[in-house]
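K.L.:
Listed here are the chains, written in short residue letters.
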Amino acid sequence: MRIGCLWIPDLPLVALVRAEPELAALPLALAEPGPSGQLAGNLRVIACTEAAVGVEPGQTLAAAQAICPGLHLRAPSAERTRAAAQAALEAAATLSPRIEAAAPGLVYLDLEGLSALFPDGERSVAQTLAAAAEEVGLRAAAGIAEGKTCALLAARAAAADLLAARALKRPWASSSGEGLAGSRGVQLRGWLSSAFRVIARQEQRAFLAELPLAALEPQPELLHTLQRFGLFTLGELAALPAAAAAARLGPEGALLHRAARGDDSAHLVARALPERFEEGEELEWDASSIEPLLFVWKGLLDRLAQRLSSRGLAASELSLLLRLGSGAWDERQIALSAPTREVGPLLQLLRLEVEARPPGEPVRAVRLSLRASRARGDQLALFGPRGASPAQLEAAVARLSALLGEGRVGQPVAPDTHRPSAAAVTKFDPPPPPLLRDAPVAGDAAAEAFLSARALRPPRSAEVRCDGRGSPVAISDGARLSGRVLSSAGPWRTVAEWWTPQPLALDTFDLEVAGGLLLRASRELASGAWWIEAVYD
Amino acid sequence: MLRSGQLRKAGPGPREEAEPARERALSTGVPALDAALGGGLLRGHLTELVAPPSAGATALFRAALGAVTRSGELCALIDPEDAFDPGGSPEPGQPDPARIDLRRLLWVRPASVALALRAAEIALEARFALVVLDLAAALPASAGPPPARSARDLFHQRTAAPLRQLQSVPAQLSLGERAARECVERIDREVRRDRPRNTGPPRPGGSPWARLSRRAERQGGTLLVIARSPQLGPFSSTTVELSRTDPRWVGHPGTPGRLLSGASGAFAVVRSRRGATSNAIALSLGWGTPS
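Protein chains in written order, with our numbering: chain A, 1 to 537; chain B, 1001 to 1291.
Mixed in with the good hints there might be a few duds.
Between beta-carbon pairs, the in silico distance windows are [said to hold, decoys possible]: (1) Gln502(A) <-> Ser1264(B): 34 to 40 Å; (2) Gly1233(B) <-> Arg371(A): 46 to 52 Å; (3) Gly121(A) <-> Arg1218(B): 52 to 58 Å; (4) Ser1261(B) <-> Glu406(A): 38 to 44 Å; (5) Gly1233(B) <-> Gly344(A): 30 to 36 Å; (6) Val1270(B) <-> Ile290(A): 46 to 52 Å; (7) Glu406(A) <-> Ala1268(B): 39 to 45 Å; (8) Lys427(A) <-> Leu1259(B): 35 to 41 Å; (9) Glu331(A) <-> Ala1268(B): 56 to 62 Å; (10) Gly1233(B) <-> Ser373(A): 45 to 51 Å; (11) Arg332(A) <-> Val1250(B): 55 to 61 Å.
Because the hints were derived from the structure by calculation, they are not lab data.
Being a predicted model, the structure only gives us computed values, none of them experimental.
For glycine and all other residues, C-beta sits at the position ideal for the given N, C-alpha and C.
For reference, chain A alone in the conformation it holds in the complex (with noise of 0.2 Å):
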């Protein structure tokens, strides 16, 4: 079965990289903290870039300063570390939809039916996967070969290629019949680079046997032993008699063996992939007001906004985890009423829900999780104004939820109720404009329009004079909607909602008020309280 294997060779730097691609060009080296937290003394190095001229993974910190004086010192972030290894996992999937997530930064693919897409070879789909990568922000190496183990070996081949035309400066590429095993080439583009190494099935016993028996990592016991046998390379292991090797190694040395000759029986166990994306950021101190999260919540964006276009999604869900001064973590659920992947709306949403439920405690890492959808497209008008996409409106609402509080902004909805004026809000959601407007009526022109009522909520207690007939004759509500009362109309009775413990039992007239107002106000049958409801206007 032919696999792909892409791999991100010091995974903990480029992921340090890929957050703040401004680290490059410095000479920067990477080192676990010691127990106090500080980068100092005998700790070693565990990667450094290019800059960092003489510095290599293993030294101590001290010669490492003294080799390169103007050594910067980082320590690896498992947040952005867990980060760039998801999205390894997605610029695989965007290949295949069989991967398997091996360890951080390590993914197989499962090639097989690739041919019809890719009808110039497995030399393309290797570029095409380390150009994935690329786009995602990961230097990375991709091998194809027979089998998972060949696969992995061929990416560390490419991953050494990378390094020797970085060292070079020059990027190159060649096919098979150079002397070398295997159609390679490696693509430089500043700290972005990418290298691949594509094994044909023919040519994979002449690429193993020239490498170590210590790229197959056996135990050091059994590595040993083939040595003290005078075996160095995987080709004199493999040019062994398979039943000889297994009787005198045992079964570890028989799946070594078979290994070295291209034999992997080791299968691709392939899993769907995660449902969300994350980005994640550990602050370097802890953040106790919104300036610096807005910073950091920035770049996760633009992270998780190229990885979502690089797979045509959009965010159709937003949770916000914050890990909080004494290690809890502060989780948010933001709703977004239309995928999208806009940066500046989802930041003003991140901002707006931090700004109305501050965290009790400074925060010390961040994490943005999101699910993701296909994105929808809006048909735009071709001569009418632009309307606003539906993040923007969803920004605007929060903005005004935000400002003005909850439930004062939204959808209006008329209650299924006979209380007078009642009226309540709901999510605004609204639909996609029509795709055919109706036309004009055409006509005449009238000046004709619908008499209505403004709602005085609450309703206006008032005292009301009536004649003998039970009819207002003057009103007061102790300021302005006072006044004799001209002409009426009413009672019309409301009785209804006797099942609750809120029965309304109303009698309700329309009054000309002395100055011009008209009024609707209603007497209460139980208690004989007069209110005024609305003004007509």
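Following the hints, position chain B against chain A.
P.N.:
Chain B in isolation, oriented as in the chain A frame:
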């Protein structure tokens, strides 16, 4: 170019030729008012509707909301008095005669006039086609709505300026005039309250109306301000004034068949940047279907 709406700017002819004004305007839902306005409410401009209570201002802006939402465009209603009735009909359960598509209407209920101005600005920035700012107070501000969350977000205080200089209030005013005076007093009081001290005299162009005018022009939205007395001054592109006459009753007083059948008023375009003002045009308000 299409996305940014620049096509008309790149056209060979003058702007009016490429895009006639009547295509840019929003219908008010009242054909006679559309005709008086030269096609409707201008996009990118501020329009003011000045009316005493019970003269039909609510009826007109509901008609406009109905026409614009039915055409598929989005509207926002900034309603600091919480006076909007989503049902629209005096009879509960009956359909709204103005036929407002509530799905396309954002109802915003700020707690003060200063917040209402800020909300209108946000709505214009969000590219709502029509933003109605209802400052026609039927009553003095009540203590009902909760206070705003953050003083910083309330308003750009540095640019807040007195909306109008108050004149001495005559001893005897009609009910409508008194309501208009109180509305002006209240707006002025709230804007003064939210303005920080020692900020010096107001800067030219720093009034909230100037800012709203710029927002409307930039985003192509229409701001319709409902007020009891003129508020916008030179920032109003069009000012329509309504006057009230008499309600119409049918049936004999005191009898069960007596009904309020409507009211008669009049409107006139008293200011227009297009230069076309109008004489008073009779306006009929009723319950039935307009012809």
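K.L.:
Against this structure, judge whether each hint is valid.
P.N.:
Now for the hints, and whether the structure bears them out:
no. : hint                                 : result
1   : Gln502(A) <-> Ser1264(B): 34 to 40 Å : 39 Å, holds
2   : Gly1233(B) <-> Arg371(A): 46 to 52 Å : 50 Å, holds
3   : Gly121(A) <-> Arg1218(B): 52 to 58 Å : 54 Å, holds
4   : Ser1261(B) <-> Glu406(A): 38 to 44 Å : 41 Å, holds
5   : Gly1233(B) <-> Gly344(A): 30 to 36 Å : 34 Å, holds
6   : Val1270(B) <-> Ile290(A): 46 to 52 Å : 47 Å, holds
7   : Glu406(A) <-> Ala1268(B): 39 to 45 Å : 42 Å, holds
8   : Lys427(A) <-> Leu1259(B): 35 to 41 Å : 39 Å, holds
9   : Glu331(A) <-> Ala1268(B): 56 to 62 Å : 59 Å, holds
10  : Gly1233(B) <-> Ser373(A): 45 to 51 Å : 49 Å, holds
11  : Arg332(A) <-> Val1250(B): 55 to 61 Å : 59 Å, holds
Comparing the model with each earlier hint shows no violations; every hint is respected.
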